[in-house]
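Listed below, chain by chain, are the residues.
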Amino acid sequence: MTVIIRTVVIISGISGSLAYLLSLANKVIANYGEKKLIINDDKEYTVTGGDTLLSSLIEQEVFIPSACGGKGSCGYCKVKVLEGGGRFLPTESGYVTKEEKEKGVRLSCQLKVKEDIRIKIPEELFNVKQYDYYIDFIEDVTDKIKYIRVNLPEGKEINFKPGQYIQLLTPKYKGNPEEIYRAYSIASSPNDATSVELFIGFVPEGIATTYVHEHLEPSDRLTLVGPYGEFYYHPGDREMIMVAIGTGLAPIMSILRYMRDEQINRKVTFYFGSRTRSDLYMMDELRQLEEELPNFKLRVCLSRPTKACNWDGDEGRVTDLLEKYMTETGEKEAYLCGSPPMIDSVIEILKDKGIPEELIYYDKFE
Amino acid sequence: MVEINPLVIFVASIFTNNMILANFLGMCSFIAVSNEIETSFSLGQAVTFVLTATSVLNYLIYHYVLVPYNLEYLRFIIFIIVIAAFVQLVEMIIERYFENLYYSLGIFLPLITVNCAILGVSLFMVIRDYNLLQSLLFGAGSGIGWTLAIVAMAGIRKKLKTASIPKGLEGPGITLIITGIMALAFLGFSGIVKIQ
Numbered sequence: 000m001t002v003i004i005r006t007v008v009i010i011s012g013i014s015g016s017l018a019y020l021l022s023l024a025n026k027v028i029a030n031y032g033e034k035k036l037i038i039n040d041d042k043e044y045t046v047t048g049g050d051t052l053l054s055s056l057i058e059q060e061v062f063i064p065s066a067c068g069g070k071g072s073c074g075y076c077k078v079k080v081l082e083g084g085g086r087f088l089p090t091e092s093g094y095v096t097k098e099e100k101e102k103g104v105r106l107s108c109q110l111k112v113k114e115d116i117r118i119k120i121p122e123e124l125f126n127v128k129q130y131d132y133y134i135d136f137i138e139d140v141t142d143k144i145k146y147i148r149v150n151l152p153e154g155k156e157i158n159f160k161p162g163q164y165i166q167l168l169t170p171k172y173k174g175n176p177e178e179i180y181r182a183y184s185i186a187s188s189p190n191d192a193t194s195v196e197l198f199i200g201f202v203p204e205g206i207a208t209t210y211v212h213e214h215l216e217p218s219d220r221l222t223l224v225g226p227y228g229e230f231y232y233h234p235g236d237r238e239m240i241m242v243a244i245g246t247g248l249a250p251i252m253s254i255l256r257y258m259r260d261e262q263i264n265r266k267v268t269f270y271f272g273s274r275t276r277s278d279l280y281m282m283d284e285l286r287q288l289e290e291e292l293p294n295f296k297l298r299v300c301l302s303r304p305t306k307a308c309n310w311d312g313d314e315g316r317v318t319d320l321l322e323k324y325m326t327e328t329g330e331k332e333a334y335l336c337g338s339p340p341m342i343d344s345v346i347e348i349l350k351d352k353g354i355p356e357e358l359i360y361y362d363k364f365e
Numbered sequence: 000m001v002e003i004n005p006l007v008i009f010v011a012s013i014f015t016n017n018m019i020l021a022n023f024l025g026m027c028s029f030i031a032v033s034n035e036i037e038t039s040f041s042l043g044q045a046v047t048f049v050l051t052a053t054s055v056l057n058y059l060i061y062h063y064v065l066v067p068y069n070l071e072y073l074r075f076i077i078f079i080i081v082i083a084a085f086v087q088l089v090e091m092i093i094e095r096y097f098e099n100l101y102y103s104l105g106i107f108l109p110l111i112t113v114n115c116a117i118l119g120v121s122l123f124m125v126i127r128d129y130n131l132l133q134s135l136l137f138g139a140g141s142g143i144g145w146t147l148a149i150v151a152m153a154g155i156r157k158k159l160k161t162a163s164i165p166k167g168l169e170g171p172g173i174t175l176i177i178t179g180i181m182a183l184a185f186l187g188f189s190g191i192v193k194i195q
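For the record, the sequence lines run as chains W and V.
For the first sequence, numbering that gives the first Met the number 0 gives the first residue as 0, with consecutive numbering after it.
For the second sequence, numbering that gives the first Met the number 0 gives the first residue as 0, with consecutive numbering after it.
FYI, nobody ran anything at the bench for these hints, they're computed from the structure.
The beta-carbon is built from N, C-alpha and C at its ideal position, and this holds for glycine as well.
Check the hints yourself; a few may be wrong.
Unchecked claim - Which residues of chain V face chain W? A few of them, derived with a C-beta cut under 10 Å, are:
1) I76
2) V81
3) A84
4) L122
5) V125
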């Protein structure tokens with residue numbers, strides 16, 4: 000017994016003293032002191048030298064999109080470094096193209112801050128925050144779509160434009176060895192800054208959707224980071240054409256709810272397509288919106304109605320619906336949301352009907 | 000204690016008992032990093048430093064801690080811990096003060112930890128029962144020998160860049176063949192001195 004204890008003590012002693020020496024060395028050698036981090040020549044932060052740029056930014060609550068968590072395997076965390084980035088690293092070359100490299104684009108999770116650094120990021124990113132949201136409710140609105148409402152932690156708020164999306168951090172679970180982010184459009188109105196609503200459709204073998212549909216419990220917390228996105232409501236007087244299928248309803252819902260809250264009385268027509276009657280959801284609220292917004296018209300079509308649907312409305316795809324009802328008079332702008340093939344074919348129709356391409360806003364769900 | 004002049008051990012470990020060319024230890028970084036003379040020389044210096052320091056440190060720990068307590072059977076784990084700690088230290092120094100070198104060595108710098116030449120030196124030193132001075136010179140000599148071999152290889156490979164090599168032999172293939180030929184050439188030194 001004494002032999003064993005003595006062995007353990009000796010080995011631990013040797014490793015312990017080496018660890019002590021290394022920590023001392025780390026303090027002396029790897030200490031780069033405090034460095035200045037200047038973002039957009041406007042905001043200045045003091046960060047610990049030697050940390051990666053990504054972790055320094057997160058520490059200052061500036062959230063650069065990153066799906067892999069700084070492992071250098073997703074390539075999302077690119078930022079433009081104007082000064083002080085040091086040498087371009089071999090670990091970055093897989094994700095940064097030659098043209099980007101010439102413009103100073105770097106992978107912020109690989110670059111270590113060793114001198115004062117000046118970077119440029121899109122201004123909106125200052126608005127991006129990551130919180131662990133509490134789940135208010137999870138509801139099945141169809142057999143494939145879950146309607147989720149989550150609340151921000153006490154005292155926190157989210158500011159987004161109606162139509163933008165948020166990223167959901169899927170934790171590790173059995174069958175998913177890695178944390179990943181997946182984007183979901185926000186369905187709630189930005190006027191409600193303390194909670195977020197999402198429609199999450201089930202995708203077979205989808206990592207995040209499997210998590211939400213099969214593993215998420217109401218007592219869990221959901222990590223969301225956002226908002227992001229170039230698809231959002233543009234104020235103005237033009238008539239609005241909205242087209243969505245499936246979970247593409249989410250950003251449209253956010254815009255409509257926002258218009259209701261703000262009492263915006265623009266002329267809006269929303270073309271909503273679905274497969275069968277049981278795939279339609281949120282219909283009560285959409286009908287109610289139709290009453291509350293005098294200039295809002297909802298048009299629904301089913302592409303494959305069955306007898307059980309008992310459907311006497313329009314049949315076909317949203318493209319058929321547009322051909323049938325959309326007029327060519329007046330200035331219009333369009334908001335499209337759903338699968339890429341749907342959006343591509345809708346864009347063609349809208350262009351034929353005289354909407355200029357730059358007034359067609361869309362969000363492809365891939 | 001073996002009665003060999005420490006200087007003989009020093010010279011022998013460079014030429015006749017070269018770690019790479021006589022023992023074929025430490026081959027992976029030898030093949031991977033021998034693209035450029037400058038980088039090879041720097042890695043050689045790092046290896047030499049780690050080799051010299053760890054052979055002394057391991058000697059002291061082995062003879063003054065492990066032997067008195069009959070713990071010789073723990074030498075592998077202790078040697079590896081000491082080597083790993085030293086490589087960590089070298090990495091910190093290089094990252095801080097020689098940034099360009101740090102990036103050109105890449106993963107091969109931390110991989111010195113498991114460079115078999117380094118553990119090999121510590122184990123040979125124990126097996127051959129060297130004293131402290133012999134160990135020190137054996138470590139330093141092996142490091143210099145390793146550097147010599149990798150720099151020579153880098154020099155040859157520099158010439159090879161303009162040579163037409165059969166496609167299937169490019170890169171590591173031709174490097175291994177050259178290593179073999181170099182080993183044969185170094186065999187010629189074996190008449191000078193002999194240890195072991």
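For each hint, the structure was consulted:
no.	hint	verdict
1	I76	holds, 7 Å
2	V81	holds, 7 Å
3	A84	holds, 4 Å
4	L122	violated, 17 Å
5	V125	violated, 16 Å
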